[in-house]
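Student: Each chain, letter by letter, is given below.
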Amino acid sequence: MQVFVNGDPFEIKDGAVVNDLVRALTDDPRGIAIELNREIVPKSKHAETSLNDGDRLEVVQFVGGG
Amino acid sequence: MTDKLIIAGREFTSRLIIGTGKYASYAQNAEAAKAAGAEMVTVALRRVNWSDPDQDRLQDHVSPDKYSYLPNTAGCFTADEAVRTLRLAREAGGWDLVKLEVLSDQKTLYPDMEETLTAAKALIADGFEVMVYCSDDPVYAKKLEEAGCCAIMPLGSLIGSGLGIQNPLNIRLIVEQARVPVIVDAGVGTASDAAMAMELGCDGVLMNTAIAEAKDPVRMARAMKHAILAGREAYLAGRMGRKRYADPSSPLGGLI
Numbered sequence: 075m076q077v078f079v080n081g082d083p084f085e086i087k088d089g090a091v092v093n094d095l096v097r098a099l100t101d102d103p104r105g106i107a108i109e110l111n112r113e114i115v116p117k118s119k120h121a122e123t124s125l126n127d128g129d130r131l132e133v134v135q136f137v138g139g140g
Numbered sequence: 326m327t328d329k330l331i332i333a334g335r336e337f338t339s340r341l342i343i344g345t346g347k348y349a350s351y352a353q354n355a356e357a358a359k360a361a362g363a364e365m366v367t368v369a370l371r372r373v374n375w376s377d378p379d380q381d382r383l384q385d386h387v388s389p390d391k392y393s394y395l396p397n398t399a400g401c402f403t404a405d406e407a408v409r410t411l412r413l414a415r416e417a418g419g420w421d422l423v424k425l426e427v428l429s430d431q432k433t434l435y436p437d438m439e440e441t442l443t444a445a446k447a448l449i450a451d452g453f454e455v456m457v458y459c460s461d462d463p464v465y466a467k468k469l470e471e472a473g474c475c476a477i478m479p480l481g482s483l484i485g486s487g488l489g490i491q492n493p494l495n496i497r498l499i500v501e502q503a504r505v506p507v508i509v510d511a512g513v514g515t516a517s518d519a520a521m522a523m524e525l526g527c528d529g530v531l532m533n534t535a536i537a538e539a540k541d542p543v544r545m546a547r548a549m550k551h552a553i554l555a556g557r558e559a560y561l562a563g564r565m566g567r568k569r570y571a572d573p574s575s576p577l578g579g580l581i
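Chains L and U, in that order, give the protein sequences. This note's numbering puts the first residue of the first sequence at 75, with every later residue one more than the last. This note's numbering puts the first residue of the second sequence at 326, with every later residue one more than the last.
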């Protein structure tokens with residue numbers, strides 16, 4: 075199925091959960107936050123939150139800023 | 326010295342908060358933070374850039390174990406965007422002390438006070454401790470304090486302008502009425518601007534560009550540390566009165 079990560083299309087297996095996506099994206103998930111269809115998915119729910127075709131995700135982290 | 330800055334029940338020894346933007350590198354940023362003696366740094370929240378996985382990460386240089394991260398809402402132009410950003414920041418870092426700024430337009434980055442007040446109320450209702458970037462309008466400053474903001478942060482002049490404190494009278498009015506810390510945020514260009522903010526009775530100064538865009542940022546960070554200390558001490562010491570004419574410092578009696 076296809077989801078959208080930070081606006082870009084991303085292919086992931088059917089039945090995937092948020093954790094699968096995080097693992098596919100990075101080896102070092104410290105300090106990131108995830109929003110699924112504009113709702114925050116807390117880290118404690120990454121393993122149980124299923125993804126569906128067409129879902130829109132935002133994956134953000136801290137960067138330098140004033 | 327027991328002259329601590331207390332924000333939302335948290336104690337800080339340093340009254341200088343620095344940004345983490347515009348530096349040549351995060352390594353230089355870390356050096357500057359150290360030289361400034363800062364304990365709190367502002368950080369922004371942005372989409373992860375997957376195209377360059379080896380890109381330096383802020384937290385590997387300016388560690389959240391060593392510095393309090395103060396997530397900001399830079400780039401937000403509505404209350405909704407700001408609230409959304411800070412909820413994500415809380416999820417990313419676990420901190421509820423935040424810097425709220427809601428801007429009005431790209432040219433001035435002047436704070437939109439109506440949206441700022443709306444966002445502040447929503448965030449406070451959601452359990453955040455809100456340090457708020459605002460105009461130097463004492464009326465709005467009061468409203469933000471009454472809404473429950475834990476620090477009022479009026480601009481000295483426009484963000485990144487380096488024009489110093491353009492309206493010291495208003496800053497003074499805000500300081501006099503506030504029961505929470507007042508921190509000048511934005512506009513500081515050089516050390517004397519920071520000292521002036523402190524001499525006006527502000528509790529601290531937040532700056533980014535003045536350090537990051539100095540020819541020698543680490544040295545300027547050190548200068549700012551001294552300026553904040555000097556200004557604070559001068560404020561606490563209480564300056565002499567202004568006189569129109571000379572008043573000799575040596576005794577008039579006993580002249581030959």
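Just so you know, these hints were derived from the structure itself, not from any lab. There may be inaccurate statements among the hints.
Unchecked claim - Chain U is nowhere near these chain L residues, computed Cβ spacing over 10 Å in every case:
id	residue
1	I86
2	N93
3	T123
4	N126
Stated by the list, open to error - Where chain L lies over chain U, by a calculated footprint (3+ residues, C-beta under 8 Å):
id	stretch
5	348-358
6	366-376
7	390-399
Ideal Cβ positions, reconstructed from N, Cα and C, are used throughout, including at glycine.
Student: Mind checking, does the stretch 366-376 of chain U have 3 or more residues with a CB under 8 Å from chain L?
Tutor: holds (count 8)
Student: Holds or violated: the stretch 348-358 of chain U covered by chain L, criterion of 3 or more residues with Cβ-Cβ distance under 8 Å?
Tutor: holds (count 3)
Student: Does the no-contact call for N126/L survive, Cβ to all of chain U over 10 Å?
Tutor: The assertion about N126/L holds, with a minimum of 21 Å to chain U.
Student: Checking a non-interface call: every C-beta of chain U should be farther than 10 Å from the C-beta of T123/L. Is that right?
Tutor: holds, 13 Å
Student: Does I86/L clear chain U by more than 10 Å, comparing its Cβ with all Cβ atoms of that chain?
Tutor: holds, 14 Å
Student: Are all C-beta atoms of chain U more than 10 Å from that of N93/L?
Tutor: It holds; N93/L is separated from chain U by about 15 Å at its closest Cβ, greater than 10 Å.
Student: Do three or more residues of the stretch 390-399 of chain U come closer than 8 Å to chain L, measuring C-beta to C-beta?
Tutor: holds (count 4)
Of the numbered hints given earlier, the model fails none.
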